[in-house]
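Colleague: Chain by chain, the residues run as shown.
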Amino acid sequence: MAKSNSKESMKVEKEKSMILQKDMVGKLFKDLSMAKQTGKKVVYTFVPGNISELILSFDMLPVYPEINALQSGMRKLSAGYIREAEKYGHSEDVCTYVKCDIGMMLSGNIGPTGEKIPDPDLLLLSYTGCFTFMKWFENLEDLYPGVEIAMLHTPYQSRGEITPEMTQYMVKQLKEEVIPKMEKVSGIKYDENKLKGILENSVKTGELISKIFETPKNIPSPIDAYFAGVYYIGPINIGFRGTPEAVDYYQELYNEILLRIEKGLGPVTPEGVMKEEKFRLVVEGPPNWTSFREFWKLFYDLGAVIVASSYTKVGGVYDMGFMHDPERPLESLAEYCMNCYTNLNLPQRIDLLEKCITEYKADGFLINSIKSCNSFSAGQLLIMRTLEERLEIPVGFIESDLVDPRYFSYANIKNRLESFFQMLEQRKMFAKQKVV
Amino acid sequence: MQTLTRIIEKCKLIAFDLNYFQAKDWKNNQDDRVLIGYMPIYFPREIVHAANGLAVGILGVGDRKQIVKGDAFYQSYICRIPRGIIELALDGHFKSFDGFIFPSICDVIRNLSGMFQILKVGTFVHYLDYPQNFKPNVGGEFYEKELQHVLSEIKKINNVPVTNERLNNSIQLYNKNRQLLDHIYNIRQEYPWRLSAEELYYIVRAGLVIPIEEHNEILEDVCGFIQKEIGEPVDKIKVLVSGSFCEQPPIGLIKTIEMAGCYIVEDDFLIGSRWIQGGVEDNTNDPIGALAEAYLKKSTFSSSIYDIENPKEKRLLELVKKRKVDGIIFAAPSFCDPALLDMPILQKACDDMNVRYVSFQYAENTGQFKNIKEQVGAFSDSIKLWGEQLVEVD
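Protein sequence lines correspond, in order, to chains A and B.
Residues in the first sequence are numbered consecutively from 1, following the working numbering.
Residues in the second sequence are numbered consecutively from 1001, following the working numbering.
Everything labelled a hint here was simulated from the structure, so no lab data went into it.
Don't take each hint at face value.
[Said to hold, decoys possible] Only pairs whose alpha carbons sit at most 25 Å apart, straight line, appear in this in silico PhoX-like list of lysine-lysine:
#	chain 1	residue 1	chain 2	residue 2
1	B	K1297	A	K181
2	B	K1314	A	K181
3	A	K297	A	K275
4	B	K1298	A	K172
5	B	K1297	A	K175
6	A	K297	A	K27
7	B	K1135	A	K184
8	A	K181	B	K1120
9	B	K1297	B	K1135
10	A	K361	A	K263
11	B	K1373	A	K181
12	B	K1314	A	K87
13	A	K172	B	K1145
14	B	K1145	A	K175
15	A	K189	B	K1135
16	A	K172	A	K217
17	A	K175	B	K1135
18	B	K1348	A	K87
19	A	K355	B	K1120
20	A	K172	B	K1297
21	A	K40	A	K184
22	B	K1145	A	K87
23	A	K172	B	K1135
24	A	K194	A	K16
[As the list claims (entries may be wrong)] If you want the ones that stay clear, here's a sample from chain A, every Cβ over 10 Å from chain B, calculated:
#	residue
25	S33
26	F292
27	L298
28	D301
29	G364
[Said to hold, decoys possible] Covered, in the sense of this in silico footprint (three residues per stretch, anywhere, with C-beta under 8 Å from a C-beta of chain A), are these stretches of chain B:
#	region
30	1076 to 1084
31	1132 to 1143
Beta carbons: idealized from backbone N, C-alpha and C, even for Gly.
Take the sequences, apply the hints, and build the full model.
Modeller: The following block contains the structure:
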């Protein structure tokens, strides 16, 4: 079995982009904690298919319950919150993001910075690619009786396409349901020109993100597109898409990555720069948050780099040619929602993963199947089998959960990964012998 | 001579025929007939009927077939129903089915539609995206286009033109079916001993796999039999069962509840058959519009719908009052996000209004009911011994 990679240094210096992101997130939570004093209205909404540009155009602040849940997972608070929700009557079987979020609210709704997250003025149910979101907000409505609710139903791409009827349906909902509710809550009139201006920044952000996630095509890959990737998608998924700060952040990040490519450097890990890239993987499914560092370490210790992942496309997919269009603001928001990874049908998901495996020259395909997330998990075994048959590529399968530590079995995952990496190594060896 | 027992026996055979022989025989009698399978919960079968087709309800395999292949497609933490459906598909039970409809009820059923696409089961697979917007010019319009798409897929197969006249006729037949079912439920509310919940289940479920004309005849006969006094009343409480709308409870579970001191006078087992509350306009120039309007305005409450203006907890309590039940049994399948995530909301509403309830989980192939019997028995006894009149629900 492969030995651990040596690292440049255990003390890792933060790059400028990391500091920029930390400041952005810190400011958002500060603003949220001050919302009642400043009079800013607060909108709870979801990451996939988020229409943060529209929220920004009404000068409101977004809260993403699943971001709170994953932050709680990383801060080892989720187990307690989940217990609270189960005491409240939630089944052990259901989504742990929901339970973690509800448990957090029942425990005072203290956010990652230690400050209270304000109650919502509007629940914006942008119901995209996950049926459980709908149930989640029904529960939130129950916890915040009387709160305004706006429903934005995103049609599923069941036929593998976005039809004009689907876009029209969404635009009508935006015009007749979402925008009037936002006007009512914020007291601000909808300003299309303002939205167009915000969307211009979204285009810049989208272009930069596309370029960033293209860079793992380099060998060695300068980034890990899964474990580090989840940090990279942070700003677009917590409300900064469409802001000048996001454009600056992604420009800085892109410059840093270009520099890494120039120097031939591998990805930055929590223990420094990865020296040797042994395996290139494409990963399907969200990561585990409660043991995120240990989970990541299992990969970089063995020289495995994730060159593409489906999870980083959960907030929106740019790979299939989508880019915001400021000249069609509402249509463009609708198309963004419909283009989220989990809103794609299974054949589309397979095609997209195939494209990643081929174009990024992956050695293997791995699924991290999440107990909580049927939207991702149901059908994954068929996805895996289809890709294995189509590409004759080694495939691996591990199971964990988002934020319930009861479902993260370190030894089990380590065992499975080691076997998977052995398989990859042998395959590489055979390939080399064949060439000789 | 037709007797109620014979009708029930016949329905029992039809309801659990996983080869769908009746439906296939019906199709074989005429060249341009089609079979369209549909998953829970609701699907407007009228449109398939008008296109010379039979919509066949697919409800999993229950405890009637051992799952071997299906388990290889699903992780342990996903509910049972899709495993059985995949098993049926791989074992060729859907041969001669033309298309499949997957109503939007949860992520598992949604992704199952993609699995059917990949496995190339049927000529077409359609995920029917039910609108969560209830305005006629927004959600209604979208829904009409969804229905028209299904019709266009069927037309590609059998080339049968679907006229307004045909649609109106189909709506009339399904209106009659809904009326008859309603009538049976109303009789059972007063005289539940005349027909057990198990027997009613066979009768309703059989209607999902045979032509509507035939089912209406069965229901008319059943109504005739249970109008008269038959059987003996027993000292049981009346309950409503909620949460079993998709993956079906095993028959043993329904029997257990009734044997443990309860009459089930309301349930959501096969709620698709009674989804539309009341009739759909059946003499109109726009029958598709009428079906859409019925969906928007006359749908029952459900875990698959978030009608912001019309909360389901309020509607559940209205149903409690309408059916004059003594309590609610929340019975949901394991790993069913829609049903299980509704529980705290519904139970809180029950607590607020002093409506008594008990809850447990099951799987379609659950085989042991001792615990459930004890739990339901204790629930029934507690109400019989110490129950007070229900608090008025306004």
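Colleague: Now tell me, hint by hint, if it's right for this structure.
Modeller: Each hint, compared with the structure:
no., hint, verdict
1, B:K1297 - A:K181, "holds, 22 Å"
2, B:K1314 - A:K181, "holds, 24 Å"
3, A:K297 - A:K275, "holds, 14 Å"
4, B:K1298 - A:K172, "holds, 23 Å"
5, B:K1297 - A:K175, "holds, 22 Å"
6, A:K297 - A:K27, "violated, 30 Å"
7, B:K1135 - A:K184, "holds, 19 Å"
8, A:K181 - B:K1120, "violated, 43 Å"
9, B:K1297 - B:K1135, "holds, 9 Å"
10, A:K361 - A:K263, "holds, 21 Å"
11, B:K1373 - A:K181, "violated, 49 Å"
12, B:K1314 - A:K87, "holds, 23 Å"
13, A:K172 - B:K1145, "holds, 15 Å"
14, B:K1145 - A:K175, "holds, 20 Å"
15, A:K189 - B:K1135, "holds, 23 Å"
16, A:K172 - A:K217, "violated, 40 Å"
17, A:K175 - B:K1135, "holds, 13 Å"
18, B:K1348 - A:K87, "holds, 13 Å"
19, A:K355 - B:K1120, "holds, 22 Å"
20, A:K172 - B:K1297, "holds, 19 Å"
21, A:K40 - A:K184, "holds, 13 Å"
22, B:K1145 - A:K87, "violated, 44 Å"
23, A:K172 - B:K1135, "holds, 10 Å"
24, A:K194 - A:K16, "violated, 30 Å"
25, S33, "holds, 28 Å"
26, F292, "holds, 21 Å"
27, L298, "holds, 20 Å"
28, D301, "holds, 27 Å"
29, G364, "holds, 20 Å"
30, 1076 to 1084, "holds (count 3)"
31, 1132 to 1143, "holds (count 8)"
Checked against the numbered hints above, the structure violates hints 6, 8, 11, 16, 22, 24; every other hint is satisfied.
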